[in-house]
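So the protein lines, in turn, are chains A and B.
Read in this note's numbering, the first sequence has 40 at position 40, and its numbers run on one by one without any break.
Throughout, this note's numbering is defined as the position within the second sequence, counted from one, plus 1000.
Fair warning: there could be bad hints in the mix.
To spell it out: a stretch of chain B is covered by chain A in this simulated footprint if at least three of its residues, at any positions, have a beta carbon under 8 Å from a beta carbon of chain A; those stretches are [stated by the list, open to error]: (1) 1062-1068; (2) 1134-1143.
Covered stretches of chain A, as calculated for chain B (at least 3 residues, CB under 8 Å) [claimed, not checked]: (3) 41-48; (4) 94-107.
In silico lysine-lysine, BS3-like type, Cα no more than 25 Å apart, as pairs [what the hints assert, rightly or not]: (5) K1075(B) <-> K1048(B); (6) K1048(B) <-> K1088(B); (7) K20(A) <-> K72(A); (8) K1127(B) <-> K1075(B); (9) K1088(B) <-> K1069(B); (10) K72(A) <-> K1048(B); (11) K1088(B) <-> K1127(B); (12) K72(A) <-> K1127(B); (13) K20(A) <-> K1048(B).
Derived from the structure by calculation, the hints contain no laboratory data.
All values reported here derive from a predicted model rather than from experimental measurement.
Just so it is clear, CB atoms sit at the ideal spot from N, CA and C, and this is done for glycine as well.
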Amino acid sequence: MSQEKQVIQKEQTAPEKIAKLNVLIPSVDIYENTEEYLLYVDIPGVNREDISIDLDNGQLTLTGNRYLEQSKGQLMEEFSSAQFRRVFSVPQGIDLAKVDAELTDGVLRLHLPKSEAVKPRKIEIREG
Amino acid sequence: MRTRFHDLQHLLSSMDALQDRFNLLAGETYNRLPIFERGWGIPDGWPKMNLYDTGEQLELNVELPGYAKEDINIKVQGNYLEISGTRKTAGPEGYTVHRHERENPQFTRSMTLPIEVDSGLATASIKNGILSLILPKSVAARPQQITIR
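Use the sequences and the hints to build the structure in full.
Right, here's the structure in full:
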């Protein structure tokens, strides 16, 4: 027990204490069709302004912070403030300008449209 | 017999020391490890719940991502509470599925509340996938101020 206390003290004095929120990995569905990739991410309790989506160097980083008010008189607590974070490797040929996201009922829908170059194309045969 | 017992205790004390070591390790890393939200709920696939007692009423918050308000049913009777719901998990049409982690198309979770509530005055709202339920306590269960004559 005494050792455990020591650890807690150390954490308080550590200067590089950055991540305060517990990190959770959200559940994700990934779909694809000829036009785009589509991601469904479960992030209950996250407000729209607390979500950040970064696409950099082929890596898509999705972060959503959930802040819950601390209420008094808790009888049962199974979830709390947390950070949802997940990183994906994105294939080449995503049209960055058209990436679109929407949030409904705690589910984030992320559309990653494919650029024209990678879309399947039918080649017409001319008469020679 | 006494010496043997002493031996056993000696053995256990070294086990305790080992346990302390593990606790030390776990304490350091526990908060930094990401937790995989398996099926968004607690291991049995139920939605997670927070329950607070604010004196006059009980406040219940439930994690329900992807559920619209018409997908959820709430039943309250006395101190019995049941929440059930169904959500569409089938993806959009015409898409190939690469990954499918968001399962649990339906759930039912019931519990006995610690205090009787007045079901007629209960209100519920849902925002960003979190259902909040306000359950005012029944008159008999409310705190009463007693004046001294």
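Verification of the supplied hints:
no., hint, in the structure
1, 1062-1068, "holds (count 6)"
2, 1134-1143, "violated (count 0)"
3, 41-48, "holds (count 6)"
4, 94-107, "holds (count 4)"
5, K1075(B) <-> K1048(B), "holds, 17 Å"
6, K1048(B) <-> K1088(B), "holds, 19 Å"
7, K20(A) <-> K72(A), "holds, 21 Å"
8, K1127(B) <-> K1075(B), "holds, 20 Å"
9, K1088(B) <-> K1069(B), "holds, 13 Å"
10, K72(A) <-> K1048(B), "holds, 18 Å"
11, K1088(B) <-> K1127(B), "holds, 18 Å"
12, K72(A) <-> K1127(B), "holds, 21 Å"
13, K20(A) <-> K1048(B), "holds, 21 Å"
In this structure, the one hint that does not hold is number 2.
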